[in-house]
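> What follows is the residue order along each chain.
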Amino acid sequence: MIPFEYRRADDVSAAVDTVARNPTASFLGGGTNLVDHLKLGVATPEHLVDVSRLPLDDIEPGPDGGLRIGATARNSDTAADPDVRSRYPVLAEALLSGASGQLRNLATVGGNLLQRTRCAYFQDVTTPCNKREPGTGCSALEGYQRYHAILGASRHCVATHPSDMAVAMVALDATVHVQGPNGSRSLPAEELHRLPGDEPERDTVLEHGELITAVELPPLPFAANSAYRKVRDRASYAFALVSVAAALDVDDAGTVRDVRIAFGGLAHKPWRAHRAEAALRGGPATDDRAARAAEAELENAEPLAGNAFKIPMARGALTATLRRLSPLPTTR
Amino acid sequence: MRVNLTVNGERRRADDVWEGESLLYVLRERLGLPGSKNACEQGECGSCTVYLDDVPACACLVAAGQAEGREVRTVEGLADGDALDPVQQSFVDAGAVQCGFCTPGLVVAAHDLLRREPDPSDEEIREALAGNLCRCTGYEKILDAVHSAAGAR
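Protein chains in written order, with the UniProt record's numbering: chain R, 1 to 332; chain F, 1 to 153.
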């Protein structure tokens, strides 16, 4: 670990100014990812600005009837919030499927969004990795690929984004509020993370010094009928091979009026499944239509030798998730 | 830097702390509390679990400066003098301790579970202890110990 200066921020503007002015400075949230990276040598900031105690941990109704979740709200508190549980169960389930209790008690909403890939090569400073050290190559292309991307990857990087929470937020059409050196802005959660292209070192569209201050969920009544399904190598405490966040709105005849779907574990970002959503609207949410919707979404998938299993796994995960949300009797 | 915190009900101060130290390091090496164990150092094994402001956390992932002004309760703070906490006694009685390295973290995590859920099912225990790895016991005796502690409370 290289020496660094630690400073706790008292207000948002000062934190933003401090980091924005210094290219070797980083924000520190709950620490569950960055403190680990300091030890591993994956991250080498010279200044840490601790934003975890900024007064941004409120979870309160948004101006339009949605829910505004402050960036320093702990994952465990967000998952336990009565409004999150009743109005957006997909988010509570996603949060509780991630990490362990000890980590959820530390992790913050903002930090969770900005956590970095768990690609083994990214975290191992002795191996080439374009995300950690641009231009050195991608070790996963000829290596261990079980957790890697099948959608939207590039020859420079095939890493996946590890957050469960972010997948639910993308499915819910959440908005991310950001404050930076040039003022504040808001962007759709779907546009926060980027595909690797030829700049895999950039996980998100945020500029240096921009700080996430809140995430806002829109009022989406049918999100009360939503769920998160995570498929992994053990029953708990593992990253997703594939995950699905879905919210379903069906009428009395069983026809899908509206649906929101996002996949985790498939790409460098939470993957909003617009094609699958379009394929499902206007007909019943049967297993068969769910499977075809997944296939429509995955039509352009480019699996690696070590992760082609993710295509049928994603199909199965979507089918099972929609089955859980559908009031249809078993006319499957 | 100097770090002031409350540990097991006492105000403590650690001087000359390097910014790169973790709360776990401060507890073990500067405050003489080696109960919390240093195993994976990356939040995966739970051996360093302590209460931080009354919720369990991996002390290895808390940068020393982040502990300033906060309240910590370690495994050493669970017993009442010489009388072990029921969770500790149950771990001893059930034979849930083999090499013992994971035990302090498991004891704190199980203690927290029983505060929230006095009579947990096997499934609830497994989920609550998912962040604590044990490589010796196979977990069966640990499940027995938690059930037994639930009965003793």
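Among the clues, some could well be false.
[Said to hold, decoys possible] Covered, in the sense of this in silico footprint (three residues per stretch, anywhere, with C-beta under 8 Å from a C-beta of chain F), are these stretches of chain R:
#1 156-166
#2 200-210
#3 312-325
[What the hints assert, rightly or not] Between beta-carbon pairs, the in silico distance windows are:
#4 R/186 to F/69: 43 to 51 Å
#5 R/235 to F/40: 34 to 42 Å
#6 R/208 to F/54: 43 to 51 Å
[As the list claims (entries may be wrong)] Only some residues are given here: those of chain R computed to face chain F with a beta carbon under 7 Å:
#7 31
#8 35
#9 36
#10 236
#11 237
These are calculated hints, taken from the structure and not from any lab test.
All C-beta atoms in this analysis are idealised placements derived from N, C-alpha and C, irrespective of residue type, glycine included.
> Going back to the hint list, which numbers does this structure go against?
1, 2, 3, 4, 5 and 6
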